[in-house]
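Dock chain U against the given chain H, drawing on the hints supplied.
As you go down the protein sequences, you meet chains H and U in turn.
All residue numbers for the first sequence refer to the numbering used here, where the first residue is 1 and numbers rise by one.
All residue numbers for the second sequence refer to the numbering used here, where the first residue is 378 and numbers rise by one.
Treat the hints with care, as some may be off.
What the hints assert, rightly or not - Pairwise CB distance ranges, derived in the manner of DEER restraints:
1) Asp300(H) / Thr606(U): 50 to 58 Å
2) Asp446(U) / Ile356(H): 39 to 47 Å
3) Val20(H) / Ser389(U): 36 to 44 Å
4) Arg14(H) / Glu573(U): 37 to 45 Å
5) Thr299(H) / Ser389(U): 24 to 32 Å
6) Ala13(H) / Lys380(U): 52 to 60 Å
7) Arg368(H) / Gly422(U): 23 to 31 Å
8) Asp285(H) / Gly527(U): 16 to 24 Å
9) Asp519(U) / Met284(H): 26 to 34 Å
10) Asp403(U) / Leu357(H): 44 to 52 Å
11) Gly527(U) / Asn2(H): 46 to 54 Å
12) Ile356(H) / Asn404(U): 43 to 51 Å
Hints listed in this document are in silico derivations from the structure and should not be mistaken for laboratory results.
Ideal Cβ placement from N, Cα and C applies to all residues, glycine included.
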Amino acid sequence: MNLALADIRHNLARFLMTSVGLGLLMGVALAMVGIYQGVVSEALALSRSMRADLWVVESGTRGPFAESSRIPGDVREIVARLPGVVASGGITLQTVEAASTRGPLRVQIIGFEPGRPGGPQAVEAGRLLGGSRYEIIADARARLPLGSTIGIGNDLYTVVGTTRGLVASGGDPLIFMSLKDSQAIQFQLAPPAARRAIAAGGGSGGTDTVNAVIARLADGADADKVATLTTRWKHLSALTDAEQSDLLTRSVVNRARVQLGIFTVVLLFVSAVIIALIIYTMTMDKLREIATLKLIGATDGTIIGLVLQQALILGGTGFVSGVALVFLVRDGFPRTVELGPEEIAFMALVTTGICILGSLLSIRAALRIDPQQALGG
Amino acid sequence: MSKPLVDLANISKTFGTGDTVVRALDNVSLSVGAGEVVGLKGPSGSGKSTLLNVVACILAPDSGRFEIDGEAIWDGSYRISDLRRLRRERIGFIFQFHNLLPFLDAVDNVALAMTLAGTERTAARKRARELLDYLQVGKRADAMPSRLSGGEAQRVAIARALANRPRIILADEPTAALDSERARVVMDLLRQVAVEQSAAVLVVTHDEKIFDRFDRMVSLRDGRIESAT
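Just chain U, with the same shape it has in the complex:
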């Protein structure tokens, strides 16, 4: 078996001190391979967001080992600027409320991710349009986010997440604001991307209607992995 793209081993993270200490993650181990779509569920406070933040390289664990594509993160070898570069180039983010920049139209929202990574603007816009076409929102490329429907906005957000051909896609409740049909379409898209781009997809969700769309569903409770099916 090839090395997993995302590999967490015995990750622990606590917040607070003394009597108020909260153990958000307690010896969590999880691997996500290329082309795999993994769901992460659990009640509020179970540690899902903390785990997502660790994988997103914005929160350092207290202990444990975390590797992306075989490279150890949080072992002191990466500086803040390196982590930003890592996020720019290797990780795509999809949010619950799409988080498109309201002052850029759809195509520029997608192109922005590429220009931040150093792509020339014209080339970035060209690829952005191709991605929007691929996600079937090409005709809305020049629309501002406020003019997009929830489903359209989420597709644009997915296009942005895919812009730099990331190996890892992290999604935080990507279907929470969508109806069942659109939620399934979004999940099918993520699966398609995972397969076509050999990407690892990790999705935090409470949305039971899409549980059947994952290769694996990991359940967290009190900072521990309760089950993995």
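Just chain H, same shape as in the assembly:
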């Protein structure tokens, strides 16, 4: 007979209440792990969506995400002619406060040339951008339905397609538009400023500037070699996609990662302490029963099994409650909570470890219970 299960059945209501309480705590710890993963995933979402093999940016910068970068738009033609490059396209990136019907909406705009690298690979609804101007593809996180319009700068843009899961490293939803539209928003001077620039003899300035040119390479092409070739032009430098991903996770979101990581560790430590206290209380509540078991000849293994199994069952039910809680509420979080099978398995292992560690104190206490206590001293 399983004493741990029998005791749990006997105090089922109390056990379930404890499990739910522990589940809330585990839910918070799991959510932190999910947010941690989400930050990394969001940081890489944009670069992954573009499927770039090479990022050509302004010389001496590590743009366009970690640092500002501006290069002439015609660099894409230079890059396109490099050996091993099969496609290239200029892109712009800028964060703006757009005016939607629901109020100001913070988004990151990606300008790209339809038909060239830089845009989304597919849309969830609607269509990809054609040749028309003032059209955008918005991520679902922006909550802009197909056909709706938002104001950016002095113009209105119509949503013709939607994507899912494409956000910037800061969590802002991505909006894709044609390069011409994005260049106008980013580089075109407002009329008074243009008039002043002309008056000063500088002209209104050209707008064919991009933040980066991305390139796709032929199968088998060596990205490092092509990147080295790019540096022949002194105003350019190049990053491979691996370098860009490394930069995004190590530099752009590093502090957020570390902060979340430390907080997760603290939460796990708190969980361990709470589990240890709960198990200890549950064990001490059975002091007389354990003394009786020892008196009638129960082995240490029986006593250890009783405490350890209860700790693992408690941890297990708390963990399952926590996972269920996270999956119930994660869509309500403003940023991505990414909790996949790997993270869940990892946390299950951590929880098992915490339960075993947390029960050590109780096991020690249980083994020290004097069987004389069953006889009334």
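Chain U alone, transformed into the frame defined by chain H:
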């Protein structure tokens, strides 16, 4: 005369040190034979519980010789695990407040003692039901301890004590929580078991209404045997 099942010779036990030393047992000698029911009485602090703990193999005496069924205990040949096995297989315990595990029903409380000793669960439950029937609480076999009356719970506790067919039964105030009639029934049961299973029964009690149920009544005072009648 056959060798006694429980044989204590010149057992002494002290607690504390220096000025606070308490001599709980002082050269106590006592033998209990098979089929014999012996009562142990005395005022609080007289050494009854200490003596019971020594016989229960959970407290080592400072000096003296203690044998169970001819085997010397506490002479260094028994390890803690051996003593547990000894308790499992040869000693049955009955407590003042029955000490049934509240999370097991009556039949599992009895079967537990057997499964701890290695009996397969189905066989243990079968024998547990037979014991409960024997002690006339068979119809309460599936009841949880909280649903049992004091008398029923004590019978279940006796069934548990008898589960592994022990040669020695130790009872600590087994009738303290029972009325006179039920107390006599419990004592009659213990006597019946002592006779039928050739067991030695040692009962610590203050309960004067059952003093006439013992073959011998041993009186302790200040750690010494004051009288044995």
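Holds or violated: the 23 to 31 Å window for the beta-carbon distance between arginine 368(H) and glycine 422(U)? 25 Å Cβ-Cβ, so the 23 to 31 Å window holds.
Does the Cβ distance between aspartate 403(U) and leucine 357(H) fall inside 44 to 52 Å? Once the Cβ atoms are compared, 47 Å apart, the range 44 to 52 Å for leucine 357(H) and aspartate 403(U) holds.
When you take the CB atoms of valine 20(H) and serine 389(U), is the distance between them in 36 to 44 Å? 55 Å, violated
If you check the beta carbons of aspartate 519(U) and methionine 284(H), does the distance land in 26 to 34 Å? Since aspartate 519(U) and methionine 284(H) have Cβ atoms about 29 Å apart, the given range 26 to 34 Å holds.
Evaluate the given range 24 to 32 Å for the C-beta pair formed by threonine 299(H) and serine 389(U). 31 Å, holds
Given the hint of 46 to 54 Å, is the C-beta distance from glycine 527(U) to asparagine 2(H) inside that range or not? 28 Å, violated
For the pair aspartate 446(U) and isoleucine 356(H), does the Cβ-Cβ distance stay inside 39 to 47 Å? 41 Å, holds
Just tell me: holds or violated, for the beta carbon distance of aspartate 285(H) and glycine 527(U) against 16 to 24 Å? 23 Å, holds
For the range 50 to 58 Å, tell me whether the beta carbons of aspartate 300(H) and threonine 606(U) fit it or not. 42 Å, violated
Evaluate the given range 43 to 51 Å for the C-beta pair formed by isoleucine 356(H) and asparagine 404(U). The hint (43 to 51 Å, Cβ to Cβ) holds, given that isoleucine 356(H) and asparagine 404(U) are roughly 49 Å apart.
Taking 52 to 60 Å as the stated bounds, is the beta-carbon spacing between alanine 13(H) and lysine 380(U) within them? Since alanine 13(H) and lysine 380(U) have Cβ atoms about 54 Å apart, the given range 52 to 60 Å holds.
Note whether the CB distance of arginine 14(H) and glutamate 573(U) lies within 37 to 45 Å or breaks it. 43 Å, holds
The structure fails to meet hints 1, 3, 11 from the earlier list, while all remaining hints are met.
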